[in-house]
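J.: Going by the numbering used here, the sequence shown opens with residue 134, and the numbers climb by one from there.
Fair warning: there could be bad hints in the mix.
Ranges of calculated distance between the beta carbons of each label pair, as one might list FRET restraints [said to hold, decoys possible]:
hint: 1; residue 1: Glu-161; residue 2: Ser-373; range: 18 to 24 Å
hint: 2; residue 1: Asp-183; residue 2: Thr-351; range: 32 to 38 Å
hint: 3; residue 1: Asp-229; residue 2: Lys-251; range: 31 to 37 Å
hint: 4; residue 1: Ser-373; residue 2: Gly-347; range: 24 to 30 Å
hint: 5; residue 1: Thr-262; residue 2: Gly-331; range: 43 to 49 Å
hint: 6; residue 1: Ala-323; residue 2: Ser-194; range: 19 to 25 Å
Treat the hints as calculated values from the structure; they're not laboratory data.
Ideal Cβ placement from N, Cα and C applies to all residues, glycine included.
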Amino acid sequence: MRFSGKVLLATGAGSGIAAAVAETFVAEGGSVALLDWNHAAAAAVASRLDRSLAVDCDVASESAVRQAVDYAAQTFGRIDCVLNSAGHVINKPIDDVSLDDWNRMMAVHVTGTFLVCKHAVPHLKRGDTSSIVNMSSVAAVSGIRNLSAYSAAKGAILALSRQLAMELAPHRIRVNTVVPGSIETPMSIALAVDRGGGDRARGIQPVIDNTPLGRVGTPAEAAAAILFLLSDAASYFTGSDLRPDGGLTAR
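My request is simple: use the sequences and hints to build the entire structure.
T.: Written as C-alpha cells, this is what we have:
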C-alpha cells in the first residue's frame, strides 16, 4: 500500500501508460484525478477504479488546467503526486511538418507540462513530501526519423524537469522523468500503422529489431518506473530519468 492516503493528478489518463499508473496507484491505497481532453475515455477508466475522478482538460489551456487542478484538490482535499503524460505524435519528415503541427506539439507536451506543474506546485508545497513525474521519450535522446517535432518537445521536457528539480527541492518536491521506448499504447499503435502503410506489424518491426530485448513494452512495464518515482522508495531521486526502453538507448 505504497500510496495509502495519497492523491495523484495524472494527465493523459484516459488510456495507455497513465491509465496503468492510475490502476496501480488506486490498488495500493491512493486516489486519482484522471485528466484527459477525451472525457469519455477518462470516465471509462474512472468507472472501474475506486477513489477516482475523471476531469475534462486540455493541458494546452491555462484556464482549463487551473480549473482542473483546483477541482481535483477541492474534491480530494490535497494533491501529493503529479504525472504529466498527455501527448500525441506525428510521423512526418521535417519539410511536411506545418507550423500548426509544431505549435500544437509544443503546446500539448511542453506548455502542458509547464502549466500543470505551475498550478499543482502550490498544492504540493502543502505536503511533507511530494513527487512529480514527467513523461519524455527515447526520441529525446536518440535520433528517430520523421519525429522532429515530437523529439524536440520531449527533449524540452527533460530540460524543464531538471530545472524544476533544482527549484523545487527546497520545498521537498521531487521532479523526475521517465524516458520510455516503444510501449504498446493507442498512440504507439497508431504510429506503427502509419509507418507500415496501414500494416501495424510491418511498422513496428524495425523498432523490435533495434531493441535488444526484441519486443515492445507493455503499459504496466512503463508504469512500474513511474510508480517507483512517485513512491517514497524513490525519496533520494530528483532530477533523474529512468528508461524502460528494452535497452534501445544502450546501443
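J.: Hints first: check each against the structure and report whether it holds.
T.: Evaluated hints:
1. Glu-161 to Ser-373: 18 to 24 Å: About 22 Å separates the Cβ atoms of Glu-161 and Ser-373, which means 18 to 24 Å holds.
2. Asp-183 to Thr-351: 32 to 38 Å: Between Asp-183 and Thr-351, where Cβ atoms are some 23 Å apart, the hint is violated.
3. Asp-229 to Lys-251: 31 to 37 Å: With Cβ atoms ~33 Å apart, the hint holds.
4. Ser-373 to Gly-347: 24 to 30 Å: Once the Cβ atoms are compared, 27 Å apart, the range 24 to 30 Å for Gly-347 and Ser-373 holds.
5. Thr-262 to Gly-331: 43 to 49 Å: Since Thr-262 and Gly-331 have Cβ atoms about 48 Å apart, the given range 43 to 49 Å holds.
6. Ala-323 to Ser-194: 19 to 25 Å: 24 Å, holds
The earlier numbered hint that this structure contradicts is number 2, and it is the only one.
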